[in-house]
Every structure is written in C-alpha cells, then in structure tokens.
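Chemist: Start from chain Z and add chain F according to the hints.
As they're listed, the protein sequences go chains Z and F.
To convert, count from 1 in the first sequence and add 498; that's our numbering.
To convert, count from 1 in the second sequence and add 6; that's our numbering.
In short, the hints are calculated from the structure, not lab data.
Treat the numbers as computed from the prediction; the structure is a model and nothing was measured.
One or more of the hints may lead you astray.
Stated by the list, open to error - List of simulated lysine-lysine pairs, PhoX-like, C-alpha gap at most 20 angstroms:
(1) Z:K955 <-> Z:K702
(2) F:K57 <-> F:K281
(3) Z:K702 <-> F:K359
(4) F:K34 <-> F:K281
(5) Z:K955 <-> F:K34
Next come the chains, spelled out residue by residue.
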Amino acid sequence: MASNITAAPDHRPTFQEAAGELVSKVRAGSSASRLWLMIAAALALVGLVGVIGRIIDGYSDRSAWGYYAAMVSFLLSTAAAAPMVSIAPTLARASWVRPVTRVSQLFASVGVVTALMHIPLMFALPPLVEEGVRRRSIWFGAGAYTPHVWGTIAIFGLTFLGLALLWASSIPDLRAIAESGEGRRQRWAARLAMGFIGTDTQWKALRMRIGVLGSFYFLFLIFTHLVFSADFAMALVAGWKDAIFPMYHAMTGLQSGLASTIIAAYFIRRYGHLERYIELDQFWAMSKLLFATSLLWFYFFFSAFIVFWYGRSGPDQATNDLLVSGPFRWAFFATFLMSFVIPLFTLMFNPVRHSIRGPVIVSFIILGGMLLDRIRIYVAAWSTTGINDRYLREIPATRWPDIFDLMVILGTFGAAALAFILATRLIPAVSLWEIQYSRLLTRPARFIRGHALIIGKPD
Amino acid sequence: MQQHRELSEQQINVQLLNGTLATPRWWKWAVLGLLIIVLAGFSTFGFMINKGLGVTGLNRPVFWGTLITTFVFWVGISHAGIMISAILRLTQAEWRRPVTRAAELLTVFSLITALSFPVIHAGRPWRIIYWILPYDFSRGIWPNVRSPLVWDPAAIGTYLTGSILFLYVALLPDLGNLRDRTVGWRNRLYSLLSLGWRGNSRQWRMQTTAGILLSALMLPIFVSVHSIVSWDFAVTPSVEGWHSTIFAPYFVIGAVHSGVSAVVTMMALMRWLWKWDNFIRPEHFDALARLLIVVGTAWFAFTLIELLYSFYTLEAQELAFRDMQIFQWPWAFLFIVFLITGFFIPVPAWLFKRVRNSIPWMFWTSISVNIGMWLERFLIIVPALSRKQPFVYTWGSYHPSLTEMMMIVWSLAFVGMNMLLFARFFPLIPLFEQKEAQAFSSRIQIGRASVPAVLREQEQE
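Pulled out of the complex, with its shape left as it was, chain Z reads as follows (with noise of 0.2 angstroms):
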C-alpha cells in the first residue's frame, strides 16, 4: 500500500450480518411489500379485463390495437432493456454496480407479463401477403407470417434468456436460502441451487455463466428489438423507411431500463430498509449513466429526423407529419420535454446526480416520456391506413384511448409491478453473493486527508 494510503475504520455490514439480512428479507417480507402487492394484483386483474374486452372487441379495426401494441414497447423497452444495467458494468469491471445487480435483473420476471401479452398482438398483426399484395418488411420474400413468428421467437426467447439469467446470478443466494433453515421455501431454494456448495470450480462455471447469458441477453435484446420496432411500427406505415429505428428503439430503452432500476432500488431500499447496501454510490454511478443515455435519446431521434427533414422527399416529409409534426405532436413535444430536456437540465448539475431524490424524480418523469413516445409511435402506426401505398397519402387523426386501453394501460403497470414483486419474495432483492464479494474486494482507506475506497482488480 501507497505511504498516503492508510487504512480507515469498516462501518460496512459483516459477512454474518449481510446474510443474516438480506435471507431473512426474503422470508419474512414487509408489510409495505405486502400492501405493494395486493395494489397490484388488483391493477393486474384490471388489466386482464381491459385483455379480454379488447380480444372481445375483435380485430378487425386494426387502431384499436395501438395503445395494446405500445404497451407491448413499453414493456420491452423499460423491463426487457433494466437487465442491461447489470450486464454492461459487470462486464466493464465496475464495482459499483454489485448492490443493484440483482435489481435490476429482477425485471427479467416481468418478461413472462410481456411475452403473455405478445400473444394477442400477434393476432392483430396483419400478414406480410394481403390480398395478393405484399407490403414492405425486412423478411422481404418470406412466408405471410414470418414477423409473426419471428416476434415470437424473439419475445419469448428474451423472456428465457433474462429468466436463465436471474436464475444463474441467483444460485448462491439460493443455498444461502436454503441453508438459512427448513421449509416449503427452502426446499424449493435447494432444489433451484442444483447442488452449488461454492467449489472453485463452480465459482469459475458459475462466473462464466453470467459473463455468457448475459451476452447473449444483450444480442438478443438488440434483435427483438429490431423485429418488434420493424414489423409492429415500420412495416405499418406507408413509406416510412428508417434504418436507424431499431437502433433508437433499443437506445430509448436502455435509458428506460435504467429508469426503471433507479426506481426499483429506491423503493427497495427504502421499503426493505436496505439504506446498508445500497447507497448513495449506486445512484451517483446510475445517474452519470442515465444522463449520457438522455443525450443519446436526442442524438439518435435528430439523426433521423435531421435526414427527414432536409431530404423532403414525400415519403419523408409524410413520416415527420405522422410522428413528429402532425396529430401526435403533443405526444411527441412532451416526449422530447420529459426524455431528454428536463433530464438534461437536472442531471447535468452534481447536486441532482449526487443525491437518491433526484435521479429517482428525474426516472419517473423519462417513465412518463418513454410511454408517450411509445404512444406516438405506436399508436400513430396502428392507426394508418394503405399500408401497401408507396407512401402514407392520409395523415390519421389522433387516436385517444378508449376505456379498454385505459384498463390495458394501467394493467400493464399492475402486472408488471405483481411481477417483480412476487420475484422478490422468491429471492433475495440485493445479491448477497455480490455483497460478499464486494466487501472482499474493496476496503475503506484514507487517502492524504481525504476518504478514499480500495478496489481490488483480479483477473
């Protein structure tokens, strides 16, 4: 150790200490936790009635699926993307992220919500072939169902891949639970932690596991993202062409997965009295992220519609009527207020960023953008007519929600909140293994006069 480095007192919890918490949170559950779930099981079942009158409602009027569809993106966008939070810094080394890893993870069980809620869409999806005519996708010659299949495949395999995910990064925890003491829940813990006693050998598998999962959550993240933004909008509107649509569908997401863990480790924090583990740190750290993701919300949104704009062609010009200057343009000025100035306004100043209140006010509000730009896109994409024209002749007029799309609307919410929940009471919301292992790998040290942290880089 350097002479100005010098060693300071260790106010973290013990190793007996974390687990002891962290495995009894699981157990026991909070009264919060509980009143939390009741709310939104009852969201949920609205949600389900507002499902069944839409399927009742039938699919012929094809709008009438625009705020289902956005829905879909929005989940995709805010729970499929959170996951990424943990992957991308994991495999960058950074040792902040460790006590929200499990956090944000958490949000691959709101997966199954999304994959259930893909299967009627999938009906109210037009075929590529209609009428002996067929429209523009990127399949290009293929079968009249192939986006059906291959959003499908994209939807549900990304449910599994985040579910594998979660279930790897769990293990460890797993045998704590189930060592923790003898039930129902313990049994099932063991049963789940396949034998993991903490061998080397299983660390180094149980490592590469994570490494490659995660890896593959974020291609496979990329790619359903590119069929879901390309069949479920691109491929409706007349004309509209876009090559880089899928990649700010995915980019807006990020900024909303990120959202989406500030949110969940406030309420988890402060709701499972877990203000030991995850700290101040871990919001400063997801701040400076969710900022730079803010700037790209707009870099990539002016790339396109710079292009747009200048080339004027009439395809062009009729995209930017749709999306950005007509009807839905109330979504889209709130859109750009709320996903990318105010965020660039409060977060630009340390203050704001070196704080919990802040990033968390600022998440709600990127929450709220990243829905009305899914509106916009989606629900204008739904509702165009002629989708086999050159380009779109008619602009549609703004579609408001119907009561159906309201249940649906705050459905969503319930369920995926119902999800996460209920995910939380199976296993632990901060990685005991990653709280372990973050206090074997840094120490608290004084650096001159100041406060410093030692952070150990092994191979």
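Modeler: Only chain F this time, still in chain Z's reference frame:
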C-alpha cells in the same frame, strides 16, 4: 491482470524524457525520410494547382473520389483522442494513462490533415473563401449556410481548437518539468509555454477541473463532427445508398473503431521506438483490444442494419446499386477486402487473450482495421456516384490517379512526421499521469492472494 512496475519519480522522468532531452539515433533518419515524402506531396499539390483537377481520376459524374475519402478517413482517425482521453477519463479507466497524450496528438494532426483535403480537392483552393463569405452582392449570391458542406469546417474547426486546448492543458505539468531540466532557448520556450506552472495544490486543482470540464464539453463536439460529415452524404436523396438515417451514428462508431485502432498502431510504434516497455505494457493493449471488440462489433451491427434497410424498399435503383457495390468487379473485390480487414480478421482475433497481449499481433490487426475503414468510406462515396442517375448523360468510371495516390501517402507521412517532431520537444507519455497512476495503485490481501487494486477518492454523504 496488472503488469504494473514500481518506478521512482526520477526513473519515470529519465525514461519518459529519453526522446525529448536527447535525440535518438533513428529519429533524424525517420524525420528525413518522412520529410522527403511530405515535400513530394506538396510538389504534387503544386502540380495539381498548375494543371487543374484533370490530373486526378475525377470524372463526370464521380466528382468525389479518393481525396474526399481520405478526408473522411482522417476525420475518423481524429476520434481517437476524445474517445481515449475524455471518455476514459470520465469513466476513470486507469489503463488510459500512458495513451492519452498520443491519442490527443493524433487527433490534432489528423484534423489538420483532414482539413487540408477539401482544400486540395477544391482544385483552386483560394476560391474556398467564396463558400464562406458573401462575395457578389450585386448578383445576390450567398453562401448556403444551411448546407452541411459549410457546417463541416465549422465543426472541424471547433473540434481542432478544443483538441489543441485539451492537449495543451494536459501538457502544462510536463512543460513545467521540462523547464526545470533544460537550459538556453529550450528553457525559455518551456518557461513561456508552462504559464508559470509550479505544481502547487491550487494549480493542480484547476488543471484537473479544466481537464474534466474540457472532457465533458468536447464530447458533443466529438459526436457532432463525424455526424456532420455523414450528413454531407445522408441529406442527399438523389444519390442511391446515401440517404440513410443511420449514417450519423454509423459514421461515429466507425470513426471510433478506426481511431482507437490507430492509437493501438501508434502505441506499438512508441513502445518499439522509444523502448517504453515499462509504461506501454501488454495489459494496455489487452484493455484497448477489449474496447475494440465492443466497438468493432457495434460498428459491424450498424453496417448490417444499414445494408438491411437499403434493401427494405426493394426499389429497383437501390437494388441495382447494391448489386454493383457488392457483386460487380472491382467493387465486389474491395467490398470483400473491406469486410475481411475491417471486421473478420481483427475482431475474432482479439477474442484470444494471446493476441490481445501480443504487440506485433495488435499492431498488424490495427493496421488491418484502418485498411478496411478507408475502403468503407471509398465504397460509400465512389460506387454511389458512379451509378447512372436521371439527367446525367455522360458518365464514366473512376480510377484514382497517381496524383491522388501520392496525396494519400503524403497524408500518412505528414501525420507521422509531425508526431515525431512533437516527440522531439514534448513527452509523448504524460509524466504526471504515470506518477498519479502509481500514487493511486495499491494491493489488497485476500486470503493468501495479493490482488492489484486502485484507489478511488470518495465524497462523504
């Protein structure tokens, strides 16, 4: 993996100033060789001015050829500095330290080189002023400020100014160091340039703050420069293959791919030429290769999406253009070379730790990337213009002339010579960064293992 070697501050000074306070034997011959090529390049430029652009291979309707390709290429290389210096500084990546100065320097010289290419391409360089200033009030002719061709010099000029400032601020502590170790005119020069640097705590605080602020301010400029270059092409609906919304991020990620690869090339050369084995270590190549795997794969994904959406509309003209670009001689050959050298050789090779830690391998794979990236720009620009457009009644094929080839060689020699000249007067590896890296490095004991560690200063809640 850290192959850190503990050196005293004195040893760091001696080793890193070995090319600045003394002249290596090879240096004069290298500069002389490059100078000859640079002078030959200037003579070629003079010849072009004398004879006109007819000496190039430019031919209706291909009015943009290798000169514009090389302009885009050097703008791409210039993305090395900010990627390495600013982004890695903000993310506190420790391994950036020996690389920052060389990367910033590469940015400055590649931008100067890039800026000279539109001037060369103009044929009558003095007329460039007409693009910027209104010159004929009576006819009401005004420069089109809404054209990306006018935004280009503005963005590149801002980037160049910022990069020079960035380089200079980071150079201040080393200039103070050099001032204290020289006599005569050199001492006077370093005294003047070091702006009274004494290394007190206030100066260090200001220098650090300036570095962070400049890093943050340079990032939007960094992104805007290549985006604007991409809009030179993308806002033109009439040329097949150009009017794509993905061009801006595609160009930026490609620029980072090529810029960071150029830094790898330069690091290998620096290690071999100045024997800086203690500072530029395999672990640095390993870290850069890991970064390049991510960047290269992202760039390849953008390439595929760009191609996918070019087929999306299935319009006959677009298909015919892509058919020519991908399947017809000679473009097909160049396309294959571009893919192989830009992605399929280097990125899979970097997946192996042995390659990432091998300096010759890293050197050659990084060269391979930049061959591929030059070809990428060529394949975007030239085939698209070579296609017959409506209302174009004469068209011919484009063959780069010897004059143009000479200008490409000139640009490489010009950047190389400037780097060597700089290295003769200023250290290519920041001394203070090395010392700071040592102060911030530590080890922690875990059981029987001693693990390398870094120190992070923390603010208290």
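Chemist: Indicate, hint by hint, whether the structure satisfies it.
Modeler: Going down the list of hints, with the structure as the test:
no.	hint	in the structure
1	Z:K955 <-> Z:K702	holds (16 angstroms)
2	F:K57 <-> F:K281	violated (46 angstroms)
3	Z:K702 <-> F:K359	holds (17 angstroms)
4	F:K34 <-> F:K281	holds (17 angstroms)
5	Z:K955 <-> F:K34	violated (42 angstroms)
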